[in-house]
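Participant: Chains as they are written, first to last, in our numbering: chain A, 1287 to 1610; chain B, 951 to 1247; chain C, 3 to 484.
Worth flagging that the hints you see were computed from the coordinates, not collected in a lab. Please read all numbers here as calculations on a predicted model, not as lab measurements. We put the beta carbon where it would ideally sit given N, CA and C, even for glycine. Take the hints with a grain of salt, since some may be wrong.
[Said to hold, decoys possible] Computed footprint of chain A on chain B; a stretch qualifies when at least three of its residues, placed anywhere within it, have a C-beta under 8 Å from a C-beta of chain A:
| no. | segment |
| --- | --- |
| 1 | 994–1002 |
| 2 | 1019–1033 |
[Said to hold, decoys possible] Under 7 Å between C-beta atoms, here's a sample of chain A residues computed to sit facing chain B:
| no. | residue |
| --- | --- |
| 3 | S1328 |
| 4 | W1330 |
| 5 | I1332 |
| 6 | A1344 |
| 7 | I1421 |
| 8 | S1445 |
| 9 | L1447 |
| 10 | V1505 |
| 11 | I1534 |
| 12 | I1535 |
| 13 | A1580 |
| 14 | I1582 |
| 15 | F1584 |
| 16 | F1595 |
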Amino acid sequence: MSTAAAPAGTSAGTAADDAPPRRRRRSRASRREAWAAYGFLSPWAIGFVGLTVGPIVASLVLSFTDYNLLDAGDTSWVGTDNYREALTEDRLVLHSLKVTAYYATLAVALDLVVGLAVALLLNTGLRAIGAIRTIYYLPAAVSGVAVSLLWLWIFQPSSGLANAMLDLVGLPRIDWVYSTTWVIPAFVLMSLWGVGRSAFIYLAILQRIPTNLYEAAAVDGAGPFTRFRRITLPLVTPAIFLNLVLGIISNFQTFTQAFVISEGGPANASLFYTLYLYRNAFRYFRVGYASALAWILFALLLALTLVAFRSSRRWVYYEAGGAR
Amino acid sequence: MSFPKVSGAKVSGAVTTDALGPRLTGRWSRRICAVVIVAGAAAVLAPLAWMISTSLKPESQVFRTPIEWVPSTVRTENYREAVSLIPFWRYALNSLVIAVPVVIGTVATSVAVAFAFARMRAPGLGWLFGLVIAAIMLPGEVTLVPSFLLFNELGWVGTYLPLTVPAWLGGGAFNIFLLRQYFLTIPREQDELARVEGHSHLSILLRVIVPQSWPAVAVVAAFEFVHVWNDFLGPLLYISEADRYTLPLGLNFYKDIYNTQWAHLMAASLLALLPCIVVFFLAQRAFTQGVVLTGRR
Amino acid sequence: MPGMTRRQLLRRGLTLAPAMSMWPALLAACGDDDDGGGDATDSQNAALQILVGFGTGNAPNQIPAQEELAAAFEEARGRAIAFRRIPDVDGQEAQRQLGVSIAAGNPADIILPTGVFGISLYLDQDVWLDLAPYLADADIDLGLFAEAATAAAKVPNYFGPDSDVIVGIPAGLFTHTIAYNKELLAAAGVDEPPHQWDAAGWDYGRLLEITKALTLDSSGRNAADAGFDPGDIVQFGLGHWDTGLMALGYGAQKYDPETRRLLLDSDENIEGTQFGADLVNVHHVLANDQLAAGVAAGAGDQPQLAAWKSGKLAIIDMCGCDLLSYGVDNDFEWDVAPWPKGPAKLVSTLNLDVGAVVAASDKRDAAFEALEFLLVEPANARKLATKGYGAMSPLRSEEGAFLTELESEFPGIDLQLFLDAFPFSVNQEGWFPAFTQVNDAGGEFLDPIALGDAPAADQLREYQRAAQNLVDRWFEENELPS
Chain A
1287 MSTAAAPAGT SAGTAADDAP PRRRRRSRAS RREAWAAYGF LSPWAIGFVG LTVGPIVASL
1347 VLSFTDYNLL DAGDTSWVGT DNYREALTED RLVLHSLKVT AYYATLAVAL DLVVGLAVAL
1407 LLNTGLRAIG AIRTIYYLPA AVSGVAVSLL WLWIFQPSSG LANAMLDLVG LPRIDWVYST
1467 TWVIPAFVLM SLWGVGRSAF IYLAILQRIP TNLYEAAAVD GAGPFTRFRR ITLPLVTPAI
1527 FLNLVLGIIS NFQTFTQAFV ISEGGPANAS LFYTLYLYRN AFRYFRVGYA SALAWILFAL
1587 LLALTLVAFR SSRRWVYYEA GGAR
Chain B
951 MSFPKVSGAK VSGAVTTDAL GPRLTGRWSR RICAVVIVAG AAAVLAPLAW MISTSLKPES
1011 QVFRTPIEWV PSTVRTENYR EAVSLIPFWR YALNSLVIAV PVVIGTVATS VAVAFAFARM
1071 RAPGLGWLFG LVIAAIMLPG EVTLVPSFLL FNELGWVGTY LPLTVPAWLG GGAFNIFLLR
1131 QYFLTIPREQ DELARVEGHS HLSILLRVIV PQSWPAVAVV AAFEFVHVWN DFLGPLLYIS
1191 EADRYTLPLG LNFYKDIYNT QWAHLMAASL LALLPCIVVF FLAQRAFTQG VVLTGRR
Chain C
3 MPGMTRRQLL RRGLTLAPAM SMWPALLAAC GDDDDGGGDA TDSQNAALQI LVGFGTGNAP
63 NQIPAQEELA AAFEEARGRA IAFRRIPDVD GQEAQRQLGV SIAAGNPADI ILPTGVFGIS
123 LYLDQDVWLD LAPYLADADI DLGLFAEAAT AAAKVPNYFG PDSDVIVGIP AGLFTHTIAY
183 NKELLAAAGV DEPPHQWDAA GWDYGRLLEI TKALTLDSSG RNAADAGFDP GDIVQFGLGH
243 WDTGLMALGY GAQKYDPETR RLLLDSDENI EGTQFGADLV NVHHVLANDQ LAAGVAAGAG
303 DQPQLAAWKS GKLAIIDMCG CDLLSYGVDN DFEWDVAPWP KGPAKLVSTL NLDVGAVVAA
363 SDKRDAAFEA LEFLLVEPAN ARKLATKGYG AMSPLRSEEG AFLTELESEF PGIDLQLFLD
423 AFPFSVNQEG WFPAFTQVND AGGEFLDPIA LGDAPAADQL REYQRAAQNL VDRWFEENEL
483 PS
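Assemble the whole structure, with the sequences as input and the hints as a guide.
Facilitator: Now the structure itself:
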């Protein structure tokens, strides 16, 4: 059964489609089917070429020019100048990459740990699980500007909920989004609010682990932590891997929260990469440069994804028999 | 072996598979777990509860410390005022005008495309599906600016077209992936029966596949609705006139007007989120099944 | 399998739904085309679009005057004026939309009002129309306007000091004085500041002295006393103050067009910036927003305003634009006074708003006509400035209007000082290369100074390095019109 356990890279399903053809030459029926298939695919194909491939190629070309949104007629080829500027001269590029990486790492790591923990706790069998599930899942239903405004309010230093909670446990107040040290942790906390999403993915997997595995292990004398390490964890690794890859990709594209809550401040401490890219394209109108920035990000994410896939051989365990 | 096993069936408390082992499911450890979970649930609810609480307070009491969860004076006028301080309903209508075609378009196209990948055979289909997977991983930034330039050339900047038309051209790579996986789990017998009876592929899709896929389709529709309703960057780029703003745009600028009246802002934000919450509850069962099934983010 | 009827309905529904749902989208799209920018053949009668939102102009008390004058224009000249109002307070959204709409080919025709800052943001993108030829044709002499106003609108750093190019018609002027709470001064035994500009003895040193005496902790000690507790201040001598401006009194300048260098790390700038920061962190006499929130009753979102109104700030910066907020409904006696003189010179800030025409507009002649009607005809200009923007009219003939219009609202306040400020007022928003980027980069370097976390010398040198880089690159990619 294909579930979230299968990493995005495998086309487990297509294998099922490729049954060996009975005849060598294609029958009219199968040709008709092929045309029908292309027909069904046509909207996507148009979209893919026009809105994905086209723009990708265009942005690559633009990244080698000095295209200015307000001065398009004066565009000239500058070769790798934009890339050189971005990587060696513009401190804000590296800075925003660092900010974004810091955020993404923290957010993904905490999401993993907390999500798994919540799933483990939920797995102990509770009544009213439906209601609990609804509650944990609620943050997934809301997003965007309204939520950002809510958290901006929560993080108000003088009268917000966050500091009130700190007061309750006797901890000193924090300036949250107005402090250079705490602004990213504040964003991470905000993203952690939606941990229910991952928790339920893990829960689904946990529940399919047969109890007899644990019983057998217990009989063999394995303590609870060993059971966790040897049985639970390996079986959850595919989901962890999926969340890791998708998490990194999506967290690197954080924009709305940064734009609404902090506008990249204070003192550029929350200048996410996408925000800086947006600024270059739509505030300074340096479209060529912004395109180069986009490709730098693409290259980085590609590299990270490849690293993740490579390393997955060692730590992701597939039920189909051993690490891949 | 019809639908894949889903957690929903198991979780109702019957089977306890404790990852920590059967030994630890003593009453006390279970109680502790329950307490932690409930505390966690309270923490998750707290922001929303706080939002409601703030929205009902008079502005002067919003900053009171220590904080009050239950307002001493309840002021429902905040809601009425919040929707008149900015053209709230106008913005909501704009959001709806965009959301409806997007959801319908996304569902229609992604269903059709996923069906082709799941049920049909044609040369190169495997490769094309690989492209779909690759598209999932593409960061939006790369296509952001050239898309803008493209829409600019077409003269669509300043209209809703850049926000609605793409939904009809491919329905989102992730949705395609999700639906395809789901379709694959539907047994082929009915397909084959219909084919023998001479139905066209489209007919099979509509009569056999779709009716059995409501959970997945509902998930796609619900997620897409939430996504487009809350979309900020898209409208930010393409909508240039204030009375054509969507709700997220309107809210963002509202936070600056008239010195951020937090109670009214929370009221307006809550109203803005209401459709999403309603959609969430409606699709809830299918929602969690769908998430469990595919890990949709 | 269920019956055919349901399937049929389903199928029909599925085919109709797309069509039905495209309809509102089409509607909306069509609607936009109609409302959008004028099309060339129609520009004879299409309404002029004025974009309002580059920082001011959208407050409820400002709108009626604008609308009235627009209606008057339509009646007199037969062409309608439509306002495109962008509600964002700091102007960023309006600015962004202007850029995007120019690229999309449907920009507004006029931006009114925009501060010189807004002009600077788009100056090197050739966004603004040069109005000099139009003014010449209409026989309008720039001498009608105050010198300071036209000087700023000519942007000498870009066009050169001898150029005639002018990119905006002055619409409103704001000078700055300081305001003081008479009762707090009396209670502390401090003499009121002199009521004439450039009076002897009224300088930064004296300001520091008296603000120390006016900053009190809960046991009544002031900031000059031993045993003063800075953690427990209940009243501040100074508030609502832009410390960045203190450097002006030291003779600091931002940019030198001859050498094409920014002067952020000049000794004057460093000393002045440090002095400003020290007012908060070393002498504890100046309340920043956080400190003001701490002493104000009911802080809310404008802590400085709340602190002033609750009588916790003895002296504040008072811009002409602040009169309607900081100047009304005060339940204590107050008055205004001139700025103190810095170690090098007496300088106060001048804010200038202008009306500009977008060069890409297809109704440029009509746009200029509208600007002429609104900003050059004395009665209209006066009304727009004082009622529409709460400013002083930049027309020399209407200088007195500021006093006459506002006297009744502020009895006993020495409003004349706002007018006397002119010889000492300099606009600080003038263009220099890579203007937007250098300004955007500023916060990161300047915030630590203001917070007392880092010395001005180090930060400003870093800022200079990064900013000069941007300026140098600007010169690589662009050229000044000689």
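Participant: Decide, hint by hint, whether the structure agrees.
Facilitator: Going down the list of hints, with the structure as the test:
no. : hint      : verdict
1   : 994–1002  : holds (count 7)
2   : 1019–1033 : violated (count 0)
3   : S1328     : 9 Å, violated
4   : W1330     : 4 Å, holds
5   : I1332     : 5 Å, holds
6   : A1344     : 4 Å, holds
7   : I1421     : 5 Å, holds
8   : S1445     : 4 Å, holds
9   : L1447     : 5 Å, holds
10  : V1505     : 10 Å, violated
11  : I1534     : 10 Å, violated
12  : I1535     : 6 Å, holds
13  : A1580     : 4 Å, holds
14  : I1582     : 10 Å, violated
15  : F1584     : 5 Å, holds
16  : F1595     : 11 Å, violated
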